[in-house]
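Peer 1: Chain by chain, the residues:
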Amino acid sequence: MNFTLKIWRQDGPKDKGRFEKYKVSDISADASFLEMLDILNEQLVDKFQTPVEFDHDCREGICGTCSLYINGRPHGPDEAVTACQLHMRHFKDGETITVEPWRATAFPVIKDLMVDRSAFDKIIQAGGYVSVNTGSAPDANSIPVTKKDADLAFEGAACIGCGACVAACKNASASLFVAAKISQMALLPQGKVEAKERAEAMIAKMDELGFGNCSNTYACEAECPKEISVSHIARMNREFLNAKKDSEK
Amino acid sequence: MTKLESKIPEGPIAEKWKNYRDKQGLVNPTNKRKLDIIVVGTGLAGASAAASFGELGFNVKVFCIQDSPRRAHSIAAQGGINAAKNYQNDGDSVYRLFYDTVKGGDYRAREANVYRLAELSTEIIDQAVAQGVPFAREYGGTLDNRSFGGALVSRTFYAKGQTGQQLLLGAYGALSKEINRGSVEMYSRREMLDLVMVDGSARGVIMRNLVTGELERYSAHTVVMATGGYGNAYFLSTNAMNSNATAAWKAYKKGAFFANPSYTQIHPTCIPVHGDYQSKLTLMSESLRNDGRIWVPKKKEDAEKIRKGEKKPTDLSEEERDYYLERRYPAFGNLVPRDVASRAAKERCDAGYGVGPTGLAVYLDFKDAIERLGRDAIETRYGNLFQMYKKIVDDDPYETPMMIYPAVHYTMGGLWVDYELQSTIPGLFVAGEANFSDHGANRLGASALMQGLADGYFVLPYTVQNFLADKINEPRLSTDAPEFEQTEKGVRERLEKLINIQGEHSVDHFHKRLGKIMWDYVGMSRNKENLEEAISMIRDLREEFWKDVRIPGDIHDVNSELEKAGRVADFLELGELMAKDALEREESSGGHFREEYQTPEGEAVRDDENYMHVSAWEYKEGEQPQMHKEHLEYKDIEVKTRSYK
Numbered sequence: 014m015n016f017t018l019k020i021w022r023q024d025g026p027k028d029k030g031r032f033e034k035y036k037v038s039d040i041s042a043d044a045s046f047l048e049m050l051d052i053l054n055e056q057l058v059d060k061f062q063t064p065v066e067f068d069h070d071c072r073e074g075i076c077g078t079c080s081l082y083i084n085g086r087p088h089g090p091d092e093a094v095t096a097c098q099l100h101m102r103h104f105k106d107g108e109t110i111t112v113e114p115w116r117a118t119a120f121p122v123i124k125d126l127m128v129d130r131s132a133f134d135k136i137i138q139a140g141g142y143v144s145v146n147t148g149s150a151p152d153a154n155s156i157p158v159t160k161k162d163a164d165l166a167f168e169g170a171a172c173i174g175c176g177a178c179v180a181a182c183k184n185a186s187a188s189l190f191v192a193a194k195i196s197q198m199a200l201l202p203q204g205k206v207e208a209k210e211r212a213e214a215m216i217a218k219m220d221e222l223g224f225g226n227c228s229n230t231y232a233c234e235a236e237c238p239k240e241i242s243v244s245h246i247a248r249m250n251r252e253f254l255n256a257k258k259d260s261e262k
Numbered sequence: 020m021t022k023l024e025s026k027i028p029e030g031p032i033a034e035k036w037k038n039y040r041d042k043q044g045l046v047n048p049t050n051k052r053k054l055d056i057i058v059v060g061t062g063l064a065g066a067s068a069a070a071s072f073g074e075l076g077f078n079v080k081v082f083c084i085q086d087s088p089r090r091a092h093s094i095a096a097q098g099g100i101n102a103a104k105n106y107q108n109d110g111d112s113v114y115r116l117f118y119d120t121v122k123g124g125d126y127r128a129r130e131a132n133v134y135r136l137a138e139l140s141t142e143i144i145d146q147a148v149a150q151g152v153p154f155a156r157e158y159g160g161t162l163d164n165r166s167f168g169g170a171l172v173s174r175t176f177y178a179k180g181q182t183g184q185q186l187l188l189g190a191y192g193a194l195s196k197e198i199n200r201g202s203v204e205m206y207s208r209r210e211m212l213d214l215v216m217v218d219g220s221a222r223g224v225i226m227r228n229l230v231t232g233e234l235e236r237y238s239a240h241t242v243v244m245a246t247g248g249y250g251n252a253y254f255l256s257t258n259a260m261n262s263n264a265t266a267a268w269k270a271y272k273k274g275a276f277f278a279n280p281s282y283t284q285i286h287p288t289c290i291p292v293h294g295d296y297q298s299k300l301t302l303m304s305e306s307l308r309n310d311g312r313i314w315v316p317k318k319k320e321d322a323e324k325i326r327k328g329e330k331k332p333t334d335l336s337e338e339e340r341d342y343y344l345e346r347r348y349p350a351f352g353n354l355v356p357r358d359v360a361s362r363a364a365k366e367r368c369d370a371g372y373g374v375g376p377t378g379l380a381v382y383l384d385f386k387d388a389i390e391r392l393g394r395d396a397i398e399t400r401y402g403n404l405f406q407m408y409k410k411i412v413d414d415d416p417y418e419t420p421m422m423i424y425p426a427v428h429y430t431m432g433g434l435w436v437d438y439e440l441q442s443t444i445p446g447l448f449v450a451g452e453a454n455f456s457d458h459g460a461n462r463l464g465a466s467a468l469m470q471g472l473a474d475g476y477f478v479l480p481y482t483v484q485n486f487l488a489d490k491i492n493e494p495r496l497s498t499d500a501p502e503f504e505q506t507e508k509g510v511r512e513r514l515e516k517l518i519n520i521q522g523e524h525s526v527d528h529f530h531k532r533l534g535k536i537m538w539d540y541v542g543m544s545r546n547k548e549n550l551e552e553a554i555s556m557i558r559d560l561r562e563e564f565w566k567d568v569r570i571p572g573d574i575h576d577v578n579s580e581l582e583k584a585g586r587v588a589d590f591l592e593l594g595e596l597m598a599k600d601a602l603e604r605e606e607s608s609g610g611h612f613r614e615e616y617q618t619p620e621g622e623a624v625r626d627d628e629n630y631m632h633v634s635a636w637e638y639k640e641g642e643q644p645q646m647h648k649e650h651l652e653y654k655d656i657e658v659k660t661r662s663y664k
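One line per chain: the protein sequences are A and B, in this order. FYI, my numbering numbers position 173 of the first sequence as 186, with every residue one higher than the one before it. FYI, my numbering numbers position 467 of the second sequence as 486, with every residue one higher than the one before it.
Please note that the accuracy of each hint is not assured.
[Said to hold, decoys possible] Short derived list, chain A residues pointing at chain B, Cβ under 8 Å:
hint : residue
1    : 15
2    : 29
3    : 53
4    : 55
5    : 101
6    : 230
7    : 234
[To be verified] Partial list, derived from the structure: chain A residues whose beta carbon lies under 8 Å from chain B:
hint : residue
8    : 52
9    : 63
10   : 83
11   : 84
12   : 130
13   : 133
14   : 150
15   : 152
16   : 163
17   : 228
Honestly, the hints are just simulated from the structure, not real lab data. Here a beta-carbon is modelled for each residue, glycine too, at the ideal position from N, C-alpha and C.
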């Protein structure tokens, strides 16, 4: 297959950036999108040009490193995958494909298609955990958890922290990311102890870091490679309201 | 010759760890604040260690190569984590997990370490559950288990096919908690490019900031490396793209011995290679062998027709299928250990029974399981894996059998460590896949997560503290010290040398060629002639690389080509040591199969008389490395021929 690529190039955080066009040919339909970019970069190295920088690591859809906005959609046109699991068979031969980095104030561009997502780490550091020290845990089976709650908690816990939800949202809201963690913890007895403090702290941090608010467009759910449901946002809102009610008492 | 002191504590095996802890040195809380620990790597071992050190009150600096500690490659582990909880009442015990692990490792692991690992396994599950790790549960609310290769009990805890992710996020949560408390400072997008030695001890690191390209110096009282394995020496593996051996290799060159480099694990169930543009291989979890049955056609004609697309696997009746694992190993069947399953797949494909367009694939079939349990049950157990397969191969494994083939997955070898996980460099501790301990010549499935977390949560907090108990009067070291200056200079010069070559070929060009040599000659099946050939080919390739590699861009900038170049340069040295170790070990043990040493049926033949030892290699500048032996003694397990028949 042959493609024309329109790729966002930006030398650094302060550079204005621009689109550049490249052509790649004889690409196998079974190649992944990132393998297609590898081929492009090999071509650029051959011509003494600077390769396109993009974040990637596990290439099996679980590390959450890849972060490409392809033809106007986070992770491209296929459903429930990250860009590393997107294959060229989902494109038309001869198509022009536009590739951009995540676009959000809270995720500044580092270079080309690489962005800085450390804001997500900061939100987790604000309270996205159970405060239990090593060695002080009771026997794992001492607290039964209903299968339903465990499975639902797992759904939230499956978040890979890629940031597609933020990139998809017109407000660049991190609500789905934050909700997935708050919800996972609130559903489990181990996480309930700190549920209120956690909801307040994480949401405050999200606001502080420049993420927008949720206006219920559900774009995040549609683009989430792990198909995390917006119902977690509803649970987060309940947790947050309860926490506020309590702290105002 | 340096003598390898494994420092195994006194007493019966079940009391050794307790004896160690009863007598070890401790540091009081005020002094802990004055002591600094560097942790490199934030996978299961690194993140859990850093969090636990922080909780104890030490000052911790932790580094990762990724943009966030949550993305370390432990995240990709699928199937599960072993623990001797015996929740299933099926006869499991600490001893049995210990026994299975030593046997699975083909009697090439250190008994005392493995026993401690089995002992600590139960605490890991408690810790993870307390952190909110959502393991699979039964309807009654208790934890569910499944079986993995090399065991006759169900002791594997799991969270769908994302167990590594969930455990890593648990450890990442603990790490985040400590970062928030201020006990741990986190540095991401940093790559360790050298170890700084002061008076013969590890006292710091040189990091390259992967965003600015600048070199940075960090000092501490001790350095813990949890930097993963070296499977990417093969280019194609299930490792992440950025997984590399550079940190370990630098430590080796500073005096840390490298143990058993030839012990690599080729995992039997990966999606087969489909093109030369391919960048990595994807694992299909071993847990699938709980319900999937592995087969190839009984008749070569059928295999040929399938390869040509004239027949489909579903056209073949039961009688026309050869369930070769069940046939060869009736006791363990499809759940034989990885090395055994991989070799059996290769044997069938080499004999002409392979399927898929290349003939290098076998079937993993869920037809019977779907008939027995229903499609929904299979979806609950393996849904994400089936989805992943479908996305990659564009074929529905609910309808037609999966095609799989072995691929490089894990390295049992690594930096040599004693019982305390300290390398031959004082003050340098090594944890997780980066060290060689516990798995011998072959790792059992669901044991890597167990080892990483045992090392990080429950071993290092004790042993590192024991080391630091002697350092309470040691002042902090300035990074202006000449040792830092000197080491940084060496790193800078090497980077400049690399970027100034400006040759004809890209880094990947060389990496792929190295990978092909490694896979063909130092892969699943090895022999003297090929290994000698490999050593000479790798030497030539290394020379060519240093004359002809082309790296565009600047040192003082984001430059992933430069990053890769440094790693490949190190793989080109490590690859030779892997081949050398494989050549020297004239026996077949675990993942190391020498064609000269096999039974007429093709089973591996060990040589306990001459090779029941760890081969630990010492770097010698300008000379051949020197091999030291740590003899292995088995007092609590009877050494037998490993049989799964």
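Peer 1: Determine for every hint whether it applies to the structure shown.
Peer 2: To see whether the hints hold, each was checked on the structure:
1. Restraint check, residue 15/A versus chain B: the minimum CB separation of about 14 Å is more than 8 Å; hint violated.
2. The restraint placing residue 29/A at the interface with chain B is violated, with a minimum CB-CB distance near 17 Å, outside the 8 Å limit.
3. With its C-beta approaching chain B no nearer than about 11 Å, residue 53/A sits outside the 8 Å limit, and its interface hint is violated.
4. Proximity of residue 55/A to chain B holds as hinted, the smallest CB-CB distance being about 6 Å (cut-off 8 Å).
5. Evaluation of the residue 101/A hint against chain B yields a violated restraint, the C-beta minimum of about 10 Å exceeding 8 Å.
6. Because the smallest distance between the Cβ of residue 230/A and any Cβ of chain B comes to about 26 Å, over 8 Å, the interface hint for this residue is violated.
7. For residue 234/A, the suggested interface contact is broken, since its CB lies about 17 Å from the closest CB of chain B, more than 8 Å.
8. Annotation: residue 52/A was flagged as interfacial toward chain B, and the flag holds, the nearest CB pair being 6 Å apart, inside 8 Å.
9. Because the closest C-beta pair between residue 63/A and chain B is about 5 Å apart, less than 8 Å, the hint holds.
10. About 15 Å separates the beta-carbon of residue 83/A from the nearest beta-carbon of chain B, more than 8 Å, and the hint is not met.
11. The closest approach between the C-beta of residue 84/A and any C-beta of chain B is roughly 18 Å, which is over the 8 Å cut-off, so the hint fails.
12. At its closest, the beta carbon of residue 130/A sits 6 Å from a beta carbon of chain B; the interface hint therefore holds under the 8 Å criterion.
13. This hint holds: residue 133/A has a C-beta 7 Å from the nearest C-beta of chain B, less than the 8 Å allowed.
14. The closest approach between the C-beta of residue 150/A and any C-beta of chain B is roughly 4 Å, which is under the 8 Å cut-off, so the hint is satisfied.
15. Checking residue 152/A against chain B: minimum C-beta separation of about 6 Å stays under 8 Å; hint holds.
16. Satisfaction of the interface hint for residue 163/A is found here, the shortest Cβ-Cβ separation to chain B being roughly 4 Å, below the 8 Å cut-off.
17. Given hint, residue 228/A at the interface with chain B, is violated; its Cβ is 27 Å from that chain's nearest Cβ, farther than 8 Å.
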